[in-house]
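A.B. asks: As given, the protein sequences belong to chains A and B, one line each in that order. To get the working numbering, take the position in the first sequence, counting from 1, and add 156. To get the working numbering, take the position in the second sequence, counting from 1, and add 128.
The hints are simulated quantities; they were obtained by calculation from the structure and are not laboratory data. Bear in mind that the values here come from a model prediction, so they are computed numbers and not experimental data. Just so it is clear, CB atoms sit at the ideal spot from N, CA and C, and this is done for glycine as well. Treat the hints with care, since some could be wrong.
Restricting the straight-line Cα-Cα distance to at most 27 Å, the calculated cross-link-like pairs of lysine-lysine (BS3-like) are [claimed, not checked]:
(1) B:203 x A:159
(2) B:282 x A:159
(3) A:568 x B:189
Quick list of the computed label-pair ranges, beta carbon to beta carbon [to be verified]:
(4) B:255 x A:504: 56 to 62 Å
(5) A:182 x B:203: 48 to 54 Å
(6) A:507 x B:198: 37 to 43 Å
(7) A:550 x B:194: 37 to 43 Å
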Amino acid sequence: MRKFLNLLKKEIKELITLQLVISLLFTVTLFYFIGSIVQSEVKKIEEKRGIYVLNLDDSQESKILLDGLSHAGFEVNILDEENKDKAIEYAKNSDINLLIVIPEGFGQAASEFQFKDIEAYSFIRSFSMGGSVNAAVVDQVISQINEIISNNFLKANFPDLNPEDIKNPIQSKGFVVVKDVVAEGSASEVSSIVYSQSIFIPVILMMVIVFSSQMVLSAMAMEKQDKTLETLLTVPVSRKQIAIAKMVASGLVGLLSAVIYMLGFRYYMNGLMGDITTSNQLNDLIQRLGLQYTSADYALLGISIFFAILCALGLTIILGVMVENLKSAQTMILPLTFLVMLPYFISMFSDINSLSLPIRVLVMLIPFSHPFIASQNILLRNYDVVFYGIAYMLVVFVILIFICGRIFSTDKVLTMKLRFGKKNLLDR
Amino acid sequence: MGDVILKVSGLKKNYGKVEALKGIDFEVKKGEIFALIGPNGAGKTTTLRIVATLLTPTDGKVEFMGYDLKKNPDKIREGITYLPEEAGAYKNLTGLDYLKFMASFYAESPRDVDIYIERAMSIIGFKDRLKDKVGTYSKGMIRKLLLARALMTKPKLAILDEPTSGLDVINSLEVREVIKEFVKEGVSVLLSSHNMLEIDFLSDRVAIIDKGRILEIGEPKALKQKYSAENLEEVFRRLVQ
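For reference, chain A alone in the conformation it holds in the complex:
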């Protein structure tokens, strides 16, 4: 045990280099910086509901319309320009993004239910997030104007009826069904909130697996590149302990790196999406449907992730034996990254059960798919699938450790190489 701890300590010291610390800090700072910028842009957009209006009509109807827009939350600014051209010119030279022109005779025409077009001028000054939002504001304004005019017309002609009842005579009542539980609510809202709250799980998974694997490969590559492996293999310590120490150290440093990256990523996502807060009503609905992880669920997901990491480390240490230096280690990580990315994207954008049988089998054969599958199935209480995944990963891990032990106990640990440009694996 003492020898193993010495190996572990050495591996951790070798992996936590100044370059790694700087790279982690730089990435977190960068994420934080981008997140802050995006957040301030989002705030600006949220505040940007100010519109400028040139009212050439000046009738009672147009005044009612402007009052309606104010009540709907728009900040209405009236321009005093004589005509449309001067108003456009003024808007061009000012920081005005949206100009609404109410034409002369608009009120008169409206009273006869023969409407004149309202002109909306959007001034594009950039193609940033803020710039694109102006187009959405135009739609909101026009929609609000239509709402006000149609409501006024309906109120005038059918004073005893609610305009909303005339426009939408049938209301729907939505129910969400999860397994045996039925609850009243909106399926789209439930899906969207569960998705947004669990979006981090696949990202964390992917990062931990990729980071840990990269660490193992680097550790093996460094031993070979710095020519320290031969000496290490002749000291009186079991070869299995050498391999396991590399795996454990890489797993720990990979996990730590992933947590730090995730903190930065969270800042970034908060900036992009805003803090995810839900109404009590929606929380209550999600709770009634059982769409929340319990402590036992988190433990189960943790076990699934743990076995996926073990499989990744087992596979990577075998690949690591074949690398000759850090450069070849970078090449070697690509196929593994692909194996992690495939289930990651499928779980993010699709349902694994909806895939065709051959692709589903392929995905299920990849051990790293199972934590992704587990994260959704735990919520849906499909525990059989989760346990099957854990058992499968355990079997894969045992096989990988067996292969790894065989390689480390022979001279293949030194002689096995993967040569690119030639046919295949070559034993020297």
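Starting from the known structure of chain A, fit chain B onto it as the hints suggest.
C.D. replies: Below, chain B alone, put in the same frame as chain A:
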């Protein structure tokens, strides 16, 4: 010099179709320096790597202190240390941490580690830099650090592949003296070199190896007499011609 501690018989090693060793036999006695000399590709390093438990022989037998290499590699590792020709040390560790790390595998108590470090310091000669990271050391400093690592535990057998490789004349002389000192204290040495003058100075017995076969074994003086040669280079030339 007395008991045989290493016995190599009929040793063969193939790399695919290439026969690196074609059946070699030799013995190393307790307290002697036994050297393998020969040109590049003769099979010296392959032999040392097999004895150091790094490579598996294709055929033949290696016995160290009565332990069979194929059956008890772990037991053999307890009694040997190996200095490869092209070796390095962990760049992110300090020289002292590196020595402590390596010592911990042989030491039975923390006191042993201290004794090993003390011994290593007497070999190294740059104690003031031991707390610096290995990455900042020169090639010569790394070589001396590695040699100190190989000798500090006073192994039963130190396997040294080109021990003075990369060292200047002064450092090479110092290293040779250190090796001689440790042998006096009971360490046996199996070394290889293509520097035949070095071998002449250091070794008690030599094996001249070429193309995977041992051509001659004997004391340097006896070999020179046998072949009427002034030095081992001449002996070697006559043997291969």
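A.B. asks: All hints, please: hold or fail.
C.D. replies: Hints versus structure:
1. B:203 x A:159: holds, 16 Å
2. B:282 x A:159: holds, 19 Å
3. A:568 x B:189: Answer holds: residue 568 (chain A) to residue 189 (chain B) is near 20 Å, not above 27 Å.
4. B:255 x A:504: 56 to 62 Å: holds, 57 Å
5. A:182 x B:203: 48 to 54 Å: holds, 49 Å
6. A:507 x B:198: 37 to 43 Å: violated, 54 Å
7. A:550 x B:194: 37 to 43 Å: Given about 42 Å between the Cβ atoms, the range holds.
Going down the numbered hints, you'll see the structure goes against just number 6.
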